Amino acid sequence: MLAAWRYRKRENSLIQSFDPRAWIIFFVCFLISVLSFWDVRFLLPFLTIAFFAVFTSRVTWVEMRRAFLFIVSFVLFYAFLTFLTGRGGMEVYAQERTLREFTAGFSIFGWTPTLKITVERIFFAASQLVRISSIALMTILIPYSLNPALYGITFKRLGLSDKFAYAMDLTMRFIPTFGRDFQLTMDAQRARGYELEKLQGGLIGQVRKLGPIVVPVVIHAIMGSEDIIDAMDLRAFGVAPRTWFDELTYQKRDRVLMALGALILIVSLGLAMMGYGKFWTP
Amino acid sequence: MTNLPLIVEDLSFKYRDRAGAAIHNLTFEAHAGEILLIAGASGCGKTTLVRCINGLIPRSYKGELSGKISIFGEDVKDWKLSQISQKVGTVLQDPDRQILGTKVVNEVAFGLENLGMPRTEIVTRVNESLEFLKIPQLRNRDTFSLSGGEKQKVALAGVLAMRPSILLLDEPLASLDPASAQEALDMVRLLADQGMTILLVEHRVEDVLRIKPDRVMFMSEGQMRYLGAVQGLSSLVNYHQVKLPAEDVLARAKRDPAPAEIKVLPRVAGLGAEKEALVKFQDVAFGYEAGREVLHGVNLEINRGDVIAVLGPNGAGKTTFVKHAIGLLKPKAGKVLVDGRDTHSASVAEIASMLGYVFQSPSHMLFAPTVREELAFGPTNLKHAKEQVELEVKEALNIVNLTDKENDPPLALSFGQQKRVSIAAILAMQSRILVMDEPTAGQDYQNYMNFMDSILQMPTFEAILFITHDVDLAAIYANRVLIVNDGRLIADGSPHDTLADFEKLKANRLVPTSLLALNLKHFATTGRFLRAEALAHFNL
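Residue numbers (my numbering), protein chains in the order written: chain U, 222 to 503; chain B, 2 to 541.
If you are wondering where the hints come from, they were derived from the structure by calculation, not from laboratory data.
Small disclaimer: the values here were computed from a predicted structure and weren't measured.
We put the CB at the ideal spot given by N, CA and C, even for glycine.
Please note that a few of the clues may not be correct.
[Stated by the list, open to error] Chain U stretches covered by chain B per the calculated footprint, using a threshold of three residues with CB under 8 Å from any CB of chain B:
1) 235-245
2) 249-256
3) 400-407
4) 458-470
5) 477-484
[As the list claims (entries may be wrong)] To give a feel for the contact side, a few chain U residues facing chain B, derived at Cβ under 7 Å:
6) V283
7) A315
8) P369
9) R413
10) G414
[To be verified] Far from chain U, some chain B residues (derived; all Cβ distances over 12 Å):
11) I8
12) A33
13) G316
14) F378
15) E396
16) A535
Turn these sequences into a full structure, and let the hints steer you where they fit.
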């Protein structure tokens, strides 16, 4: 059986007060707008919107703690890596103003590790941090706030065909199902004395030793898909234009949200085309 | 004749990727309002027959099909699956494999949505189905939060909403607790009485006989061995292969030689009555989410020499409880000690050498290219010597009767065989305690009785614990029975003390069986619970 995300209806949740289509449209506008800028001053308002959405969502800290901490550590790790190496930033800035430079007292095959702290690296890392955090915070809300029973109808009413809309529905539910199956397989193999953390050998050897986890999870996913296809076939899926049981209707607030999303997108793209919002340092 | 709901003529099928035909030359018909029970061992072709009738063969499963299936006089060869699905409804063994909707109402409406019915008609039919199955209160529940019995009813509601004339039920009782199974069967009787044709594939023949099926078909090796009145079945089939009512077995077994005595846990036999606790649960409480406890203050000791059966309804917390024994779950309050060691401070792999745990579903663990390698995985992880591993693998294969499959890929075996591989994989680890979560689910009677006999006689184990819905399995094999309900230990005692209290059984969704009744009747003479064929040779 397909698992579901940890959705529940929350009292006074702002995100849940909107039609899911309106929220998806706003989310897409927000996403494209954020990706239009590298200037941290332009990006900070988006981070503010994202935090506002999180705080008004009524998703509790306990509920989202694990996902949130995972994403924060991921974002911090990559921002820090960029800061250390300077990689990635070279596409948005050409020159660097060095503040401090640390050189290691040893060399490895003629290469001496050097850490350059430059204004550009600091601001590029900060921009990256704000950019990814804004997107991650908005994305993380979706599984907690969107009713899984409405996935299919949401995509259908956004213009997808019956088959694509239902495929999107199944795909969104496949992710937590995959997570559950992974955990069950881990448990089953640990009960046979298998310890993932004690994998030894070279890279290829280590990948081979992942077989006891990877094979059952993949096979289970394939078998699960076959079951789903059989179950759908047995109840006549895809033979006629479908009636969708659930109905969605836009309210005034949904139209306001979509208009706001469109406005943000138009202004962002306009500014970006006029050359505003590129990488900035003081 | 042509107006019969179902006529099957000379039907044979061979799967494209398998040797030999799965079913051969089956010919029968089914009448309106009839319950036709289809019985037979695993791999006898029951499921293939169901797939032929519901149209998945040849539309989804390819192979060589011959013969003819007619529904209300019309050959279905050229029908689309959608046409067939409006006449033939199918409920699969495992509702988890059938339910697609996230909410009950969406699940029940799914087929009607696909047929493009008007919304008002869908609402009417959904409500009718839920009312008929007496589950309107589940309408807006999330499907994943339902118990096994509720899921099966919801799956049935989704099929009934399409108003089929023929209903195919493929082992619908396999994952249900006894009371849920009884409720499901009562519903089947009601549907037949209203004129629906029902083909019921089921291992649990004894349970089905209670609702008086009109005819029984017995299949073996893809062929029909018997088709006729229920009374004829008992005298025809081997009672070692099909579980028959205890009185019937008692009468027939008197003519056969007495079964061999089982020497339970030979390693601890004759060590005296002194109890040694191998696992201790001390005030164990647990919840998957903060504020929602599913185990409440469990205190228990698993002692040397114990063969424990854990009974209880679907969703009672049985699996959660036993997962604590191997440290896969750690108590939120209290502690679990395995061989004196707190599971909080030991890894699962460390505990695995002491306690072997067989999971419910084999598909979550099988990965190796051959059965032999699959079985060697556990003992090798536990650093057993190579020669020892070979011996352990051989012995485990013998016990589950899979020596001829040693070099086959486990993933290519049938579900029943995979289940036996998963049990053998743990047996090969030669742990001191064995814990099994529903070891007999999806197995045919003869196979599971054989491997249960063998497991109990294995020289390595000092204690065995198994979760089951089968009251007879608990009565025959266990020397101690636990009843778990709502995360609490409701009863803990000898099989006689626990299972003789019918009120308690009923309160915990367990149903007394004919074998239990027979054993209780003769308990003063026997002093213990025995299988029917052993009772037949007792001086009763």
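Next item on the list: Return the numbers of the hints above that this structure violates; sort them in rising order.
Entry: 1, 2, 5, 7 and 14
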